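Student: All chains should be built: construct the whole structure from the sequences, respecting the hints.
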Amino acid sequence: MTDVDTIIKAYGLAPHPEGGWYREFHRSKRALEEIPGYQGPRSAATAIWFCLRQGEFSAFHRLRSEEIWFHLSGNPIELVLLSNGKADRLRIASVENGGPPAAVIPAGAYQAARPLGGYCLVSCVVAPGFDFLDFEMASREKLLEAYPSEAADIISLTR
675 MTDVDTIIKA
685 YGLAPHPEGG
695 WYREFHRSKR
705 ALEEIPGYQG
715 PRSAATAIWF
725 CLRQGEFSAF
735 HRLRSEEIWF
745 HLSGNPIELV
755 LLSNGKADRL
765 RIASVENGGP
775 PAAVIPAGAY
785 QAARPLGGYC
795 LVSCVVAPGF
805 DFLDFEMASR
815 EKLLEAYPSE
825 AADIISLTR
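If you use this note's numbering, the sequence shown corresponds to residues 675 to 833, in order.
Worth flagging that the hints you see were computed from the coordinates, not collected in a lab.
Among the hints, a few may not be true.
[As the list claims (entries may be wrong)] Here are the simulated EDC-like pairs of lysine to aspartate or glutamate, each with C-alpha atoms no more than 16 Å apart in a straight line: (1) K760 with E698; (2) K816 with D827; (3) K683 with E698.
Keep in mind the model is a prediction, meaning the values are calculated, not measured.
Tutor: Here you go:
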């Protein structure tokens with residue numbers, strides 16, 4: 675079994691503002707121009723490695739673009755989505771841990787993630803490509819007001 679600190683070091687991961695560890699490993703050289711709802715051009719796609727240690731979480735946030743999560747190693751991960759007045763929970767894992775190994779997060783949905791057990795390593799692909807201009811950390815108060823029935827998850831997955 676691989677030690678999670680070995681993975682973080684081997685992949686050169688750094689702390690992510692939403693929690694966990696990441697490094698962008700791909701940014702398309704192809705630019706998309708004049709995309710409705712975006713301020714300026716974006717790369718066609720970007721990809722990161724993202725790791726959560728046991729007890730860490732990715733705090734609720736949303737992106738202007740779609741995001742696809744791919745499970746690479748470690749324990750299953752739970753994604754909690756809040757969108758259009760409802761909550762969804764997605765679990766991604768290796769085939770050995772019951773899969774499925776990927777999930778799609780719709781553009782604009784609030785999302786948070788936590789490993790189910792020890793660490794998890796995933797890859798996230800964003801299209802149009804990620805830009806911090808399109809990233810919004812969620813307000814605990816606003817989420818509690820909009821999704822009162824999800825209070826336990828909102829409190830545990832916000833900072």
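Student: State for each hint whether it applies.
Tutor: Here's how the hints hold up against the structure:
{"no.": "1", "hint": "K760 with E698", "result": "violated, 31 Å"}
{"no.": "2", "hint": "K816 with D827", "result": "holds, 14 Å"}
{"no.": "3", "hint": "K683 with E698", "result": "holds, 14 Å"}
Taken one by one, the earlier hints fail for this structure only at number 1.
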